[in-house]
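Enquirer: As a plain string of letters, each chain reads:
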Amino acid sequence: MSVARFWRKIPQRYNLVGTRCETCGRHYFPPRSFCPDCRRGGKIAEYRFPGTGKVVTCTVIRSASEQFENITPYVLAIIQLDEGPRLTAQVVAKPGEVAVGTRVRSVFRRIMADGDSGVIHYGTKFVPVK
Amino acid sequence: MRDVAVIGIGCTTFGEKWESSFGDLFVEAGALALADAELSGESIDAMYVGNMSAGRFIEQEHIGALIADYAGLSTNHIPATRVEAACASGGLAFRQAVISVASGISDIVVAAGVEKMTDVGTGASVDTLAGAADREWEGFMGATFPGLYAMIATDYMHRFPLTREELGMVAVKNHRNGAKNPIAQFRQEISLDTVLSSSLVADPLRLFDCSPITDGAAAVILAPLERAREFTDTPVKVLATAQASDTIALHDRRDISTLDATVVAGERAFAMAGIPRERIDFLEVHDCFTIAEICAIEDLGFCRKGEAGTLTSQGVTALDGDLPVNTSGGLKACGHPVGATGIKQVCEVVQQLRGEAGARQVDGEIGLTHNVGGTGATVVVHILGVT
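Quick note, the sequences are listed as chains P and C, same order. The working numbering puts the first residue of the first sequence at 335, with every later residue one more than the last. The working numbering puts the first residue of the second sequence at 2, with every later residue one more than the last.
Simulated from the structure, these hints should not be mistaken for lab results. Beta carbons are placed, not taken as given, at the ideal position from N, Cα and C, and that holds for glycine. Check each hint, because a few of them may be wrong.
[To be verified] Covered by chain P, according to a simulated footprint, are these stretches of chain C (three or more residues, beta-carbon under 8 Å):
#	region
1	136–147
2	369–380
[Claimed, not checked] Here are the computed distance ranges between Cβ atoms for each label pair:
#	chain 1	residue 1	chain 2	residue 2	range
3	P	348	C	66	38 to 46 Å
4	C	193	P	433	23 to 31 Å
5	C	197	P	450	35 to 43 Å
6	C	302	P	349	38 to 46 Å
7	P	461	C	60	34 to 42 Å
8	P	388	C	78	53 to 61 Å
9	P	433	C	78	54 to 62 Å
10	C	276	P	342	43 to 51 Å
11	C	73	P	433	39 to 47 Å
12	P	367	C	166	41 to 49 Å
Given these sequences and hints, build the entire structure.
Expert: Okay, structure coming up:
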């Protein structure tokens, strides 16, 4: 992923910055610049998610694309944040420690590196909450 | 709108075809389809070619003109258009060709699909295929394509009583069909034990739950139904063409293990054909993973959610069952050259309707194809029938 393409989304990737419609109260991640429900009646404001939620579904990736080969096996999940939005992220845990319904919280982690001498990309992963 | 018929079909063998280039594959399939329709190239008015990612697989773009040129049609200057919708590229190319003929703009139109996947290594092809999902919010996080379908399977198995064995029976059944298909990549039957003991790719999916990486091409020729008998005694009528879209990311779907785009495209297709789904005799569905076939049968409305595993283990979807599914061997055993798959599905249904399917022949007058892009962000459904 190019540096600029990554850099544009740093607030979202590092700090789970999304948006909230102040008209209807719905939260959006990734951020939306208008509310699909309220359309022109919506009022969008920035919202930083605290990062707590639960696992909706999950898997253990054992055969990965090149950038992730060195960390297999890893747990990948769809997380539902407590405010409602869902996102795809890794859960830092051993296979078997994560199941549908597991409570999680967000952490800042290294996601991948672009080759041996490339840029290191950071972002949000999750850990189980004991 | 004019009625449209398929008057010719052609398909290369599917597999790891080291000796064939992208162009070779297309030219072979196109020549077979022309010969089948007893047509020469000069008769072609337009061409649509489904291709997902020649740019990343063989570093070649501008596929429409390239294909027309390789087919020897550059001096005819025909309109040649590439169509892309990830793994639904072929089905969508077929739909564009149908629309072109139905509209009256063109008479004789080629719909083709081609993918040359084995010129890059497995890691690069896995990454290319992940481009069918949301790169920013799925791929970047480490999602692979099997991983996304594995999360569909986890959700499904959490909510419905599908067993690991029933899921494996999808692959066993499709290999049984593929063994009877001369073009199939895998022409051998497998046991349930082979599926269940194969290595895990993304839990709960194992290697034998996954369709392979494949080279191949397929082509069909369309004409207005009123002219079809000039070219063939066995035209197959396109009864319906339907397409639907959904969120690109799996996590944004209303329901993780229901492909709403399949539900909607299916309903649109049955409405357009003006027939109830009970009239459909057999299906070619998009079984890129075993769980995908389970979802497809249910989301198209042939049984309730949670029942397709039982139907599969009871043999209802086998060649001799009441509703044969993936008589070609499906993506699993026939192979999955992503841009070509949607056209191959049409070729299979046409072969069945003409009674030319040999050892895998089933009875029927109406067949359905179901082609999925990504995890269900694009779905294309066609219904074809004898005339």
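Enquirer: Look at each hint and say if it fits the structure.
Expert: Against the structure, the hints:
1. 136–147: Holds, because 11 residues of the region 136–147 of chain C bring their Cβ atoms closer than 8 Å to Cβ atoms of chain P.
2. 369–380: Check failed, 0 qualifying residues.
3. 348/P with 66/C: 38 to 46 Å: Check passed, 44 Å falls within 38 to 46 Å.
4. 193/C with 433/P: 23 to 31 Å: Holds - the Cβ-Cβ distance for residue 193/C and residue 433/P, about 26 Å, lies within 23 to 31 Å.
5. 197/C with 450/P: 35 to 43 Å: The hinted range 35 to 43 Å holds for residue 197/C and residue 450/P, with Cβ atoms some 38 Å apart.
6. 302/C with 349/P: 38 to 46 Å: Holds, since residue 302/C and residue 349/P (Cβ atoms, about 44 Å apart) stay within the stated range.
7. 461/P with 60/C: 34 to 42 Å: holds, 40 Å
8. 388/P with 78/C: 53 to 61 Å: holds, 59 Å
9. 433/P with 78/C: 54 to 62 Å: holds, 60 Å
10. 276/C with 342/P: 43 to 51 Å: holds, 49 Å
11. 73/C with 433/P: 39 to 47 Å: Violated - the Cβ-Cβ distance for residue 73/C and residue 433/P, about 58 Å, lies outside 39 to 47 Å.
12. 367/P with 166/C: 41 to 49 Å: holds, 48 Å
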